[in-house]
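Engineer: Between the sequences and the hints, there should be enough to build the whole structure, so can you do that?
These are the residues of each chain, in order.
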Amino acid sequence: MAKVLLISGSPKAEGNTAQVMNECARVIREQGVEAEVISFSEMKIESCTACGKCSESKECSLQDGLNDIIKKLRASQGFIVGSPVYFGTARGDVMAALQRIGYVSKKSDQFLAGMVGGAVAVARRGGHTFTLQEMLMFFLINDMIVPGSTYWNMVFGRFPGEVWQDKEGMETARHFALNVANLIKKLQGDKTAGA
Amino acid sequence: MAKVVLISGSPKAEGNTAQVMNECARVIREQGVEAEVISFSEMKIESCTACGKCSESKECSLQDGLNGIIQKLRASRGFIVGSPVYVGTARGDVMAALQRIGQVSKKSDRFLTGMVGGPVAVAARGGHTFTLQEMLMFFLINDMIVPGSTSWNMVFGWHPGEVWRDKEGTETVRHFAANVANLIKKLYGKME
Numbered sequence: 001m002a003k004v005l006l007i008s009g010s011p012k013a014e015g016n017t018a019q020v021m022n023e024c025a026r027v028i029r030e031q032g033v034e035a036e037v038i039s040f041s042e043m044k045i046e047s048c049t050a051c052g053k054c055s056e057s058k059e060c061s062l063q064d065g066l067n068d069i070i071k072k073l074r075a076s077q078g079f080i081v082g083s084p085v086y087f088g089t090a091r092g093d094v095m096a097a098l099q100r101i102g103y104v105s106k107k108s109d110q111f112l113a114g115m116v117g118g119a120v121a122v123a124r125r126g127g128h129t130f131t132l133q134e135m136l137m138f139f140l141i142n143d144m145i146v147p148g149s150t151y152w153n154m155v156f157g158r159f160p161g162e163v164w165q166d167k168e169g170m171e172t173a174r175h176f177a178l179n180v181a182n183l184i185k186k187l188q189g190d191k192t193a194g195a
Numbered sequence: 001m002a003k004v005v006l007i008s009g010s011p012k013a014e015g016n017t018a019q020v021m022n023e024c025a026r027v028i029r030e031q032g033v034e035a036e037v038i039s040f041s042e043m044k045i046e047s048c049t050a051c052g053k054c055s056e057s058k059e060c061s062l063q064d065g066l067n068g069i070i071q072k073l074r075a076s077r078g079f080i081v082g083s084p085v086y087v088g089t090a091r092g093d094v095m096a097a098l099q100r101i102g103q104v105s106k107k108s109d110r111f112l113t114g115m116v117g118g119p120v121a122v123a124a125r126g127g128h129t130f131t132l133q134e135m136l137m138f139f140l141i142n143d144m145i146v147p148g149s150t151s152w153n154m155v156f157g158w159h160p161g162e163v164w165r166d167k168e169g170t171e172t173v174r175h176f177a178a179n180v181a182n183l184i185k186k187l188y189g190k191m192e
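So the sequence lines, in the order shown, correspond to chains D and H. Mapping to this note's numbering: the first sequence position 161 is 161, numbers consecutive. Mapping to this note's numbering: the second sequence position 173 is 173, numbers consecutive.
Calculated from the structure, these hints are not laboratory results. A portion of the hints provided could be inaccurate.
[As the list claims (entries may be wrong)] The list that follows gives simulated cross-link-like pairs (lysine-lysine, BS3-like), each with its CA atoms no further than 25 Å apart:
| no. | chain 1 | residue 1 | chain 2 | residue 2 |
| --- | --- | --- | --- | --- |
| 1 | H | 185 | D | 167 |
| 2 | H | 167 | D | 107 |
| 3 | D | 185 | H | 185 |
| 4 | D | 106 | H | 106 |
Everything numeric in this text was worked out from a predicted model, so none of it was measured.
Structural biologist: This is the structure in structure tokens:
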């Protein structure tokens, strides 16, 4: 079965970003596509050290658990990354992860090429737009396919649970998740895929 | 047959942006998908005046030729927009066009939904990245599908024809154009 991997880039296991990612996963499963949410709450992602070893080993030389995510991505058709906005940018660990994942892909079997996905930004008030653009750089340079939605994938909320008050933001994220699932199904030749 | 509309947002009919768009069109046709390049060289695109009339008329009230493009988009599956970088941003007419096209789509039959495409930025030295991000806002809010490439869709060149010296840039946009054509065939091939 087709699968989408979702990352909740927040250190909070049950914060707003995690809640939005879980909601996206629910929508994806509703479409008959497998979905797994991985939280960074128990992980510390190191930054790429430009050691270059991935071109031979096909994985990252840093041993902080990211290789497990890379392994899961190699068996997935979709990749959605949710980040909280920290000082107007994506949380450091999120960009550290994306840069290393992209590096390993480019230096090995280009496992990201053709995958469907995109970015979701969660914040109290500002910085969503830049955070999305920052994360989009990863998807577009890695030959992935990014569907849009009825708005940009931004959700407003500060205290855990407040995102549910942002009806438009949640609806946008749900529609995006639906697009990801349907696009994967269509590309796999599934006639039951919706519009 | 499925079709891709390509806009060359430059005022120069045969400048670098036009040459890059023509090359994308060539790659798309090679894949058996129709392609038409529309140049802004003979057009002046006005800015949206927020009149709101498009929600009833299903077209733009400004009569500068953009409705001709909207009509063509309604009969197409793909949309690629190439812009020269002017002072670090997309040329004014390009954003004016995208804003009006997006407004008409949202206020009428959402003809952009599900269309495949993306932006291409052409410049001598800097500003490509922001120009791409600026144009991407249009594609993503309109429920379109944007394939990436082996790098970002940026090509370097100043005097007309210089883009051909940027091997990586031209190869990136060729790969992007092939992605657009192939995705359209996969998604809509059986329906045409």
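Engineer: Given the hinted pair residue 185 of chain H and residue 167 of chain D, is their alpha-carbon gap at most 25 Å?
Structural biologist: 35 Å, violated
Engineer: Are residue 185 of chain D and residue 185 of chain H close enough, with their CA atoms no more than 25 Å apart?
Structural biologist: 15 Å, holds
Engineer: Does the structure keep residue 106 of chain D and residue 106 of chain H at a Cα separation of 25 Å or less?
Structural biologist: Given that 25 Å is the threshold and the Cα spacing comes to 37 Å, the pair is violated.
Engineer: Next pair to validate is residue 167 of chain H with residue 107 of chain D; report whether the Cα-Cα distance is within 25 Å.
Structural biologist: 20 Å, holds
Going through the hint list in order, the structure does not satisfy hints 1 and 4.
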